[in-house]
Amino acid sequence: MLDTEATLEIQELVAEFKPGNADLLPALHKVQHRYGYVPKEAMGVVAKQLRLGEAHVYGAVTFYSEFRQIPPPKTRVDWCSGPACRLKGGEHVRRALEATLEIGMEENTEGDKLGLHLAQCNGTCDFAPQIWVDGKVVGPLTAAETIRLARELKDGAG
Amino acid sequence: MLRGFEELRSQADGVWQATQSRTVIRVPIATCSIAAGARETLEALREGVKERGFDVGVQAVGERGLCWLEPLIEVVKPDGSAILYENVTADKVEKLLDEAIDGVCADLAFAVAEGPDVEGVQRLDDFDLWALQDRRLLARCGIIDPENADHYIAHGGYSGLVNALELSQEEVIKTVEDSTLRGRSGSAFPTGTKWEFLRSKEREPKYLICNADEGDPGAFVNRILMECDPQSVIEGMAIAAHATGASYAFIYLREEYPLAIERMEKAVEQARERGLLGEDILGSGLSFDMKVWVGAGSYVCGEESGLLASMDDARGMPRIRPPFPADAGVFRQPTNVNNVESYADVTLIMQKGLEFYNSVGIEGNRSTKIFSLSGHIQRVCVVEVAFGYPLRDLYHAVDPATYQERRKLKALQAGAALAGILPTHLALKLPLDPDAFKEHGVLMGGGGLVFIDDTACIVDMNVMFSWFLEDESCGRCTTCHGGTQRMVEIFRRIGSGGGRSNDYDKMQMLGKALQYSNCIHGSASPTIMLKSAEFFREEIDEHIIERRCRAQVCRDMIRYEITGDSDKLLEAAAICPTEAVVQTDEKWSIDQARCIRCNACKDVAPDDVRIVDALTDVLPLAVAEARAAG
Ligand SMILES: Cc1cc2nc3c(=O)[nH]c(=O)nc-3n(C[C@H](O)[C@H](O)[C@H](O)COP(=O)(O)O)c2cc1C
Ligand code: FES
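Sequence lines, in order, name chains A and B.
Letter by letter, the first sequence follows residues 1 to 158 of our numbering.
Letter by letter, the second sequence follows residues 1001 to 1630 of our numbering.
It cannot be assumed that every hint is accurate.
What the hints assert, rightly or not - Here are the simulated DMTMM-like pairs of lysine to aspartate or glutamate, each with C-alpha atoms no more than 20 Å apart in a straight line: (1) Lys1429/B to Asp1460/B; (2) Lys30/A to Glu1579/B; (3) Lys1602/B to Glu110/A; (4) Lys154/A to Glu1579/B; (5) Lys136/A to Glu1255/B; (6) Lys136/A to Asp1091/B; (7) Lys30/A to Glu1262/B; (8) Lys1568/B to Glu106/A; (9) Lys48/A to Asp1312/B; (10) Lys30/A to Glu98/A; (11) Lys136/A to Glu1262/B; (12) Lys1408/B to Glu1539/B; (13) Lys30/A to Glu1040/B; (14) Lys136/A to Glu1539/B; (15) Lys136/A to Asp1393/B; (16) Lys1602/B to Glu145/A; (17) Lys1291/B to Glu16/A; (18) Lys1408/B to Asp1393/B; (19) Lys1291/B to Asp23/A; (20) Lys154/A to Glu106/A; (21) Lys1506/B to Glu1625/B.
As the list claims (entries may be wrong) - Among chain B residues calculated to face chain A with C-beta under 10 Å, some are: (22) Phe1189; (23) Thr1193; (24) Glu1196; (25) Phe1197; (26) Ser1200; (27) Pro1217; (28) Ile1224; (29) Phe1451; (30) Thr1455.
No lab work stands behind these hints: they were computed from the structure.
Note that this is a predicted model, so its numbers are computed, not measured.
Each residue gets a CB set at the ideal place from its N, CA and C atoms; glycine is no exception.
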């Protein structure tokens, strides 16, 4: 593989990590922190740095639900899949979101403006059912409120 | 006394006293309060105090666990009297500053925490959900600044480590054994025994892991500890290091807890700065350090062998045991894995002594357990109660109105996805004691308690949990990933009207097969399915035989219909994301082919829309099955 500018940058980014030092996830986190996702080229660089096979690194990236392989959306909408949210109408919220934004979970709208992510309960169940817009908890939400919010986000995004 | 600890403590006392010499407003900054707007409140308070030129401190602290009252602000006067104010969002800050600094702001007051009685305001100690608690592990939450190690030290912090360092390894382990402490993750494995496994290993270096993956949906016990009193976890790990000879530790923390990550990292750094981590701690000869290691969203990585695999530069697939972590853990070296709360318990034991520790609780489970309560209750909260506390009393305190109205609580789910589910009539009879739960074939688990009322559908709950289990199955053994997949299929089918009379046999067969999974994720996964079939048979039967969902939750079993003709339907038509609310010749109806049953139309036009059973008039099950058989 030829070293392009991008791979050189990633090499520098992960230069501190060592083989056999519990460094794979820390390295991937660092890449994702920098780029918002784990680009394909990065897997090769990380693999080389940690002396692992590229398929091995790819396997890890796909195993963990918090690693993304597509660029992050400008606005990220996390939908809580937890029990308290489900009990209080979280499924309505999900259907409303998917129908309004016309995407499914782990997908982005045109031009990566908005993206949906299936999230796990973080213990703010007092606001169930809820979503997090760029990390900020919004709830409790009815389906109607969700649709209004999603439409606003859709119109405003960009 | 160990070298330098006296100085540390007097310096810490000085730091703490300085904050108390004038009126101080404590603002909880933790995940729940932030969601309720506490950051904005903090900001507004700081500005307001500055503008008014008040000589008042504004202090960020941890939260007390009373989530529904957040932001729950405390105003502490120099004479020690303190009043708590509820739901103080930024817009109420002016009012609070007008009234609460020189007197009492009666409109916002929740309770008197310290000092003389105030007319018309209850005392915190009399408030039922507070009075029933035994706050030991949570004692400092909401009082101290979790980002200031001195606050912790000024409140008895690290005296437990000092006490432990004066004992031999064997003596510390004996003390932990005598406390009967059992793993708080839900494992219930005796902590002292586990430590002895590690201590007896010759091979070095030895490692500790703090399992802070807290993946159980609905559990946020560890999060509160890490966000609000992080040093207590670090102190417990240092004690464990002394007792077992471990020299390094990893805190395996889930990525979904960004604030806990930040606070734990800061706490580790501050402990190191004070010589409480690092080389030759307090001149005792103990050298021990640690770092936070961030997970990436995988439930099975909470299982200790999955966790180890994940740290071993790989996918977090649980391994077949033995070898156990004490033989081959991180880097294949001897390792001990404990839960966050288990380490915090050790801190308590060593700070306060066995007599104190053992003074509450029940035989075999002394002291307390932290629980997070959510679901169909009014007061979502985190509480700490003595083992053996009656669940019924706790329920009444978190849902007072429901109790009065007798709205129907249906089930309790303790310990999340793997632990099972119990109907109310059994659950509310139980004490909070893991052994009592076990008698019913379910687990009490790590502290998550989800209350479920009759607006929920048991088939839907199973669809949700079995889907979670399938999604989180690591995929190594077909038994687990195939088995959990079958669970999802069966419940989805039942929920969409395709239930068959032999489905219960299938569940039993699956339950047996799953026992042969590689790890507990697989073998425990059918618990909720089997318990549902045992305790909620009538409701599942309704789905299978009558094709009816009594809670009107299963989407394929219901249909939305227009019953009215008010103007609100215009709004309903506008809100519908699939344009399914249509008007032809003045008459409103719902285009069933388009409807996704999101309920939005009913949200805006509740009197004009109703939900009806959609499948009850299709062929009865017996006829359908006979026909299919030819
Ligand atoms: C599927 C699965 C998930 C688990 N998740 C966690 C977890 O998130 N946190 C935790 O402390 N223990 C979890 N455990 C239990 C751990 O394997 C281990 O027993 C525990 O960390 C030991 O700590 P303790 O002895 O202090 O309880 C899980 C177990 C299984 C089977
Ligand atoms: S279930 Fe959604 S935040 Fe807890």
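Outcome of the hint check:
1. Lys1429/B to Asp1460/B: Violated, at about 25 Å.
2. Lys30/A to Glu1579/B: The given pair, whose Cα atoms are some 44 Å apart, is violated under the 20 Å limit.
3. Lys1602/B to Glu110/A: This hinted pair is violated, its Cα atoms lying about 30 Å apart.
4. Lys154/A to Glu1579/B: OK: Lys154/A and Glu1579/B at ~18 Å, within 20 Å.
5. Lys136/A to Glu1255/B: Measuring from Cα to Cα gives roughly 16 Å; hence the hint holds.
6. Lys136/A to Asp1091/B: holds, 19 Å
7. Lys30/A to Glu1262/B: holds, 15 Å
8. Lys1568/B to Glu106/A: violated, 34 Å
9. Lys48/A to Asp1312/B: Between Lys48/A and Asp1312/B the Cα gap is close to 16 Å, so the pair holds against 20 Å.
10. Lys30/A to Glu98/A: violated, 30 Å
11. Lys136/A to Glu1262/B: holds, 17 Å
12. Lys1408/B to Glu1539/B: holds, 15 Å
13. Lys30/A to Glu1040/B: Violated, because 30 Å separates the two Cα atoms, which is more than 20 Å.
14. Lys136/A to Glu1539/B: Distance of about 38 Å is beyond 20 Å: violated.
15. Lys136/A to Asp1393/B: Cα-Cα ~34 Å, so violated.
16. Lys1602/B to Glu145/A: holds, 12 Å
17. Lys1291/B to Glu16/A: The given pair, whose Cα atoms are some 16 Å apart, holds under the 20 Å limit.
18. Lys1408/B to Asp1393/B: Holds: Lys1408/B and Asp1393/B sit about 16 Å apart, inside 20 Å.
19. Lys1291/B to Asp23/A: Satisfied, since the Cα-Cα distance of roughly 12 Å is no more than 20 Å.
20. Lys154/A to Glu106/A: holds, 17 Å
21. Lys1506/B to Glu1625/B: Given that 20 Å is the threshold and the Cα spacing comes to 16 Å, the pair holds.
22. Phe1189: violated, 24 Å
23. Thr1193: At about 26 Å, which exceeds the 10 Å cut-off, the nearest Cβ of chain A leaves the hint on Thr1193/B violated.
24. Glu1196: Result: violated, 26 Å to nearest chain A Cβ.
25. Phe1197: violated, 22 Å
26. Ser1200: violated, 25 Å
27. Pro1217: holds, 4 Å
28. Ile1224: holds, 8 Å
29. Phe1451: holds, 9 Å
30. Thr1455: Holds: closest Cβ of chain A sits about 8 Å from Thr1455/B, inside 10 Å.
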